[in-house]
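J.: Here the protein sequences come in this chain order: W and U. Every letter in the first sequence is one number past the one before it in the numbering used here, and letter 73, counting from 1, is 73. Every letter in the second sequence is one number past the one before it in the numbering used here, and letter 110, counting from 1, is 247.
Hints were generated in silico from the structure; no laboratory data involved. Beta carbons are placed, not taken as given, at the ideal position from N, Cα and C, and that holds for glycine. Treat the hints with caution; some may be incorrect.
[Claimed, not checked] If you anchor each label on the Cβ, the simulated ranges turn out as follows:
no. : chain 1 : residue 1 : chain 2 : residue 2 : range
1   : W       : Phe-136   : U       : Asp-242   : 38 to 44 Å
2   : U       : Glu-152   : W       : Phe-136   : 53 to 59 Å
3   : U       : Pro-164   : W       : Thr-113   : 37 to 43 Å
4   : W       : Lys-123   : U       : Asp-187   : 20 to 26 Å
[As the list claims (entries may be wrong)] Covered stretches of chain U, going by a simulated chain W footprint (3 or more residues, C-beta under 8 Å):
no. : segment
5   : 180 to 192
6   : 210 to 224
Protein chains: 2
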Amino acid sequence: MSADLPTPATDRYFEDYPPGVAVEYGPIAVTEAEILDFARRYDPQPFHLDPARAAAGPFGGLVASGWHTASLMMRVLVDRFLSRVASLGSPGVDELRWLAPVRPDDALTVRVTVLTARRLRSKPDRGLIQSQQEVFN
Amino acid sequence: MSADLPTPATDRYFEDYPPGVAVEYGPIAVTEAEILDFARRYDPQPFHLDPARAAAGPFGGLVASGWHTASLMMRVLVDRFLSRVASLGSPGVDELRWLAPVRPDDALTVRVTVLTARRLRSKPDRGLIQSQQEVFN
Numbered sequence: 001m002s003a004d005l006p007t008p009a010t011d012r013y014f015e016d017y018p019p020g021v022a023v024e025y026g027p028i029a030v031t032e033a034e035i036l037d038f039a040r041r042y043d044p045q046p047f048h049l050d051p052a053r054a055a056a057g058p059f060g061g062l063v064a065s066g067w068h069t070a071s072l073m074m075r076v077l078v079d080r081f082l083s084r085v086a087s088l089g090s091p092g093v094d095e096l097r098w099l100a101p102v103r104p105d106d107a108l109t110v111r112v113t114v115l116t117a118r119r120l121r122s123k124p125d126r127g128l129i130q131s132q133q134e135v136f137n
Numbered sequence: 138m139s140a141d142l143p144t145p146a147t148d149r150y151f152e153d154y155p156p157g158v159a160v161e162y163g164p165i166a167v168t169e170a171e172i173l174d175f176a177r178r179y180d181p182q183p184f185h186l187d188p189a190r191a192a193a194g195p196f197g198g199l200v201a202s203g204w205h206t207a208s209l210m211m212r213v214l215v216d217r218f219l220s221r222v223a224s225l226g227s228p229g230v231d232e233l234r235w236l237a238p239v240r241p242d243d244a245l246t247v248r249v250t251v252l253t254a255r256r257l258r259s260k261p262d263r264g265l266i267q268s269q270q271e272v273f274n
């Protein structure tokens with residue numbers, strides 16, 4: 001497990017994401033204020049929005065929206081993993097699983113593993129990097 | 138296609154989400170200011186963050202973060218589709234595809250279709266509803 005890719009983000013291209021490479025980034029501080037902010041705007045369910053109702057709810061306390069967790073993960077990818085010069089965006093996500101609640105004062109780590117890298121037949125000047133992100137406290 | 142589920146959100150239970158039911162919610166107004174706000178916090182790639190650089194980028198203009206689009210979709214689910222009394226959260230997403238860019242001044246519609254509904258063998262007092270969300274302009 002490396003602390004970062006060897007090539008700086010300002011000079012990363014397709015070749016710099018070989019399958020099998022794994023890096024870890026963190027810690028990402030999770031605050032109650034930010035959980036509530038995200039929930040108010042995008043996911044106002046009681047267990048994301050209201051500490052008192054959350055305490056009596058299915059998670060026994062306030063938990064972050066799963067979309068908030070994904071967004072925190074994305075911020076780390078943008079800051080640390082994606083190329084600043086060659087990234088063209090992503091077509092999507094094959095599978096997203098919320099395995100454990102994210103709670104206030106958690107300190108998250110994001111582990112990124114390159115799974116596959118292939119040049120596109122339809123557009124041979126570019127490639128598709130498939131990666132797995134694991135977020136844990 | 139219905140405008141909403143027949144049962145009010147304050148009285149929706151497992152039985153009120155039968156497979157095959159489809160509803161549409163919208164319009165959701167997308168603003169440049171909100172695209173930029175989300176990007177600054179969670180996805181500061183140039184094509185989400187900077188209209189001038191975005192114009193020269195792969196989408197030919199500013200586009201919303203895919204996580205922003207997902208979060209806007211979630212807000213509609215919370216406001217209109219999910220039960221206010223029986224929802225216990227979600228274990229995840231089977232597949233997420235960003236098929237077309239979302240741009241400033243788009244007016245999105247979310248179509249929700251219930252695909253499957255099954256009682257959990259491990260916890261027979263609850264069920265798992267699998268739904269598909271399609272977001273379009």
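J.: Hints broken by the structure, by number, lowest first?
T.: Violated: hint 2 alone.
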